[in-house]
Amino acid sequence: MNTLVKKYRFSLIIGIIALALLSVSQFSKLTINPSFDDYIPTNVGNRAYLNQLDSIFGGSEKIMLILTKDSNIINQQTYDRMVRLSEELQKLDGVENCLSLIDVIDIKLEDGITELAPIIDKIPTEPKALKELKQKIRSNKIGQRFVASDFSATAIIITKSNESEDGVLIPAIQEVIEQTPGQEKIYIGGLSYIRHAIKSYIKKDLFTLLPAALILMVFMLYFSFREWKGVLLPFAIVILSILFSFGFMALMGWGISLISVLLPIMLIAIANDYSIHLINAYQEKLAVSPQLSMKAIAVEISRELRKPIVITALTTIGGMLGLLSHQMKPAAQLGVLASVGIGLALLMSLLLVPVLLTFYQKPNTIPAENKKPLLIDKILNRFAFWVASYPKSVIASFLGIALISIAGLFLLKVDTNVESYFIGKSDIRQGIELVNEKFGGSQYISLLFEGDVLSPETLTRLENYTKQIEQLPEAGHVISPSTFFKELSKGMYTPEEVGYLALPASKAEAEQSLEIFTMGGYEDQIAQFIDYNYEHTRILVSLNDGSNQAGKSLLKSLHQITQNDPQLVCIAGPGLSKIQIADMVIEGQVASLLLALAIIFVLLSIIFKSFAAGAKGSLPLVVSTLYLFGMMGFVNIHLDIVTALLSSIMIGVGIDYTIHFLWRYKTEYAVSHNSKIAITQTLKTTGKGIVFNAFSVFVGFSALIFSSFAPLRFFGLLVVISIFSCLISALLLIPALTTITKPKFLESNVN
Amino acid sequence: MKKIIILLCLTFSLFSASATDTMEAKKLFEHSTQKLSLQNIRLVLDLETFDGKGNCKTKELTVSYAQFDDERKVLIELLAPENVMGTKIVTTDYPDKKGIIEIYMPATGRVQKIRANQRNLKIIGTEIPIEQFKSAIDKDFEFTFLEKTDLNDTHCQKIKIQSPEEKGYRIAFVSIDKEQLMSIEQYDIKGKLVGVTEFSNYIEVANSNAKFFPQMILVKNLKSGKSSDLKVRQVNHLSQVNSDDFILTPTQS
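First to last, the sequence lines map onto chains A and B. Take 1 as the starting number for the first sequence in our numbering and just add one per residue. Take 752 as the starting number for the second sequence in our numbering and just add one per residue.
Calculated from the structure, these hints are not laboratory results. Keep in mind that this is a model prediction, so the values were computed, not measured. Treat the hints with care, since some could be wrong.
Now the stretches of chain A that chain B is said to cover, found in silico as 3 or more residues with beta-carbon under 8 Å [unchecked claim]:
id: 1; segment: 349-355
id: 2; segment: 503-509
Under the rule of at most 30 Å between Cα atoms (straight-line distance), these lysine-lysine pairs were calculated in the DSS-like manner [unchecked claim]:
id: 3; chain 1: B; residue 1: K777; chain 2: B; residue 2: K804
id: 4; chain 1: B; residue 1: K974; chain 2: A; residue 2: K122
id: 5; chain 1: A; residue 1: K490; chain 2: B; residue 2: K778
Positions of the beta carbon are idealized from the N, C-alpha and C atoms, including for glycine.
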């Protein structure tokens, strides 16, 4: 360090600036990927079935435009606007088809002539005729899909082609809406729109959360150190580690996901810890030895703090690397990126902070030490008293809460539904609610059948399935070939005839009916559920609630209904990817938790040269994990893609407090040979540092309350709770355990 | 004043030239369609249709066209595949009222009369609109000469056709030497090509007053990716058309 400070300080600064510029130059390669489906393996499960479905029927994803009006939606102005919108939307690249009420065919037999006419071509002015029209729409199985039962809203349903990109299609749809003005308010729904919204929200979050977290950090640093170098040096480390991490992300070609939004926040909360310790030590040195030069102080603080800083950084990196066990690539990527950022923050804290300190003049006035005891001092004194007087009660309290938390684990739910990401009464939230409540949802599940799909036996079986599915509470709309054939029969037979509302009596009749309907130019309606060569058919079911519970429950029922069907190929849909993701989240959560704990156990065992240290040091983390997930279960915060990262981050950050405590205790015990005195001294000195350290983490993560996404807001809250739990465990549970067990790894050198 | 007179003369001569061009364009297009044998003929066709994903269906059918006073009738009979064999469709086009389609479905033995929008009607299972075979030219259509070009080694005149009812337009390619319709391109309102119909391998239809019919018709919907490839195996002029041949009779009550 001496040589670095004396000879190479300029070279170091120039090198770091060059590296920072190189990182920034990579930023143009960064892309935002709001979809988590891309991270699911394509060759298994729902994704593989979806690919099969898409290859047969084309795009599976629906975008819904919901036109709402305070009064009746069946009126001439809305109809005219719908016609104009449909015409323009159909022309857009990426729109496979666009269906609305105006495309619904009313099939009827009148005076011996089958009428294939749109159910609605003009709006009657007479109230009686209008009532009849509404009744006609209500009784049309296909028409029901496009209008709310109270006639307050109508839907235009767009099928998106697989090749089209959300970022191109959604703005094009929005432009069409803008250029087709009207009195109706239009909401957009569907996974494609949600993904597009997530993308813009991610951008918004990056541009709001980062400055918010930085401002909070500046305030916290200034109030801690009361001098600008105490702000600027940690600030520089944080900014540089963020730049390097994002540069590394660009270099690796990894997209920015919802999860990546956490990266800068994590670095703001964690990467400044090491430089904070250094600045704190610098101020202490200056107060104790005012005769020392800035260069001498820089060299000394670097030497004294190198070991504890390296140890705490390594354990934090260890916790972060626990995320590598996640099957969800963005989670594993976040683990790597955070580790890179923290690793670089460690190096820069050890090298750059002392070097930069040497450029400062020694202050004329030395910051006065505040002699007045703070609230925190009083609390820590109280902790020391409890631990010394009632160690067993302290441990029993922790165990009691842990046992209660175990009960909460059983209430913990997993929800990876992107619809739940949005908060409050935003347009997107209202759109999602409208689509789910009034139009049976936009997330469709397909039951794919193959073989002789037009045979009467198959169609009868499909009709039975359709009837059963319609009874399921989670099913919104059910679109089935049998429903279509029954509607078609209304145009072929009179109500008195046997064929009316019946399925075709033979395969030939079914095929001939389809050919005729196709000839009428309505092949798009058929293509939704019967393929071109009549080799595949599907029943489409919409989920009226996008939650994982509803999806899982519906999927289970669908499997039960179609059990042992020889023609069933698969049950899949864009809305089911979340279930696959949820399984990955649970597996990832368990695996990352175990991996992080294993890493921490090994590191602690090495640092303190004792397996007991590994086990006892890990205990606060286990307890905090139980508290965290138990509380999530009790207060109904779901485990999702973001909150699944909590345990690794909590372990990585929270272990520092235990290490700081144990490290100082060892030193204090060596001096006093008395565990009570050692604990009291440790809590009075390092305990305060631990509390400040934890508060800097709280402040950093609290910026997440400004996020546009519900999971990120919850994440911010849960990080604060879990770190608080680690803090309390380090300040109460570990001292109480130490008091009772008198561990050899801390006291052996004296004994 | 002199300048104004010159300007007026120039405007008038330009307008006359433009009007003449429009007339000529319309005439050339009419010639090309009049040369097509679209009345009183019977075609035997092999049809291959493709969806946007490249799936293929094949059909065999006969198509007969006949004119009875004001009524224009088209009879289509499917010969293959087996499940649709025997299906017959008769479309009747009236000049002043909505057309009727009658369909005989062998599976039910019934004749179904259907009233639907003629504009949507396509030859069964194809991308070929029945309207495509209309010989009459709507008097409201606007015709404009565009440049001359080569299409499949044939020197053609391009004619822009604008229908008052459609927001897009069509461009017809008419061979200059034989005045035969070679291709029709369909453009949307933004000028994007959305469909192409190609006519080739013209043959003279015997006993039809030197009328021709293309042996190959290829229709592509560029938006949906669907296409129909129609190969005419046989063209016969119907010298004695009997209206009874265009009446479908149920085989079951």
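Right, here's what the structure says about each hint:
Using a Cβ-Cβ cut-off of 8 Å, 0 residues of the segment 349-355 of chain A lie near chain B, which falls short of the minimum of three, so the contact claim is violated. With 6 residues bearing a CB less than 8 Å from a CB of chain B, the segment 503-509 of chain A meets the requirement of three and the coverage assertion stands. Restraint check for K777 (chain B) and K804 (chain B): not satisfied, since their Cα atoms lie roughly 38 Å apart, outside the 30 Å limit. With a C-alpha separation of about 29 Å, the suggested pairing of K974 (chain B) with K122 (chain A) holds against the 30 Å cut-off.
The suggested pairing of K490 (chain A) with K778 (chain B) is violated, with an alpha-carbon distance near 47 Å, which exceeds 30 Å.
Hints 1, 3 and 5, counting from the list given before, are not met by this structure.
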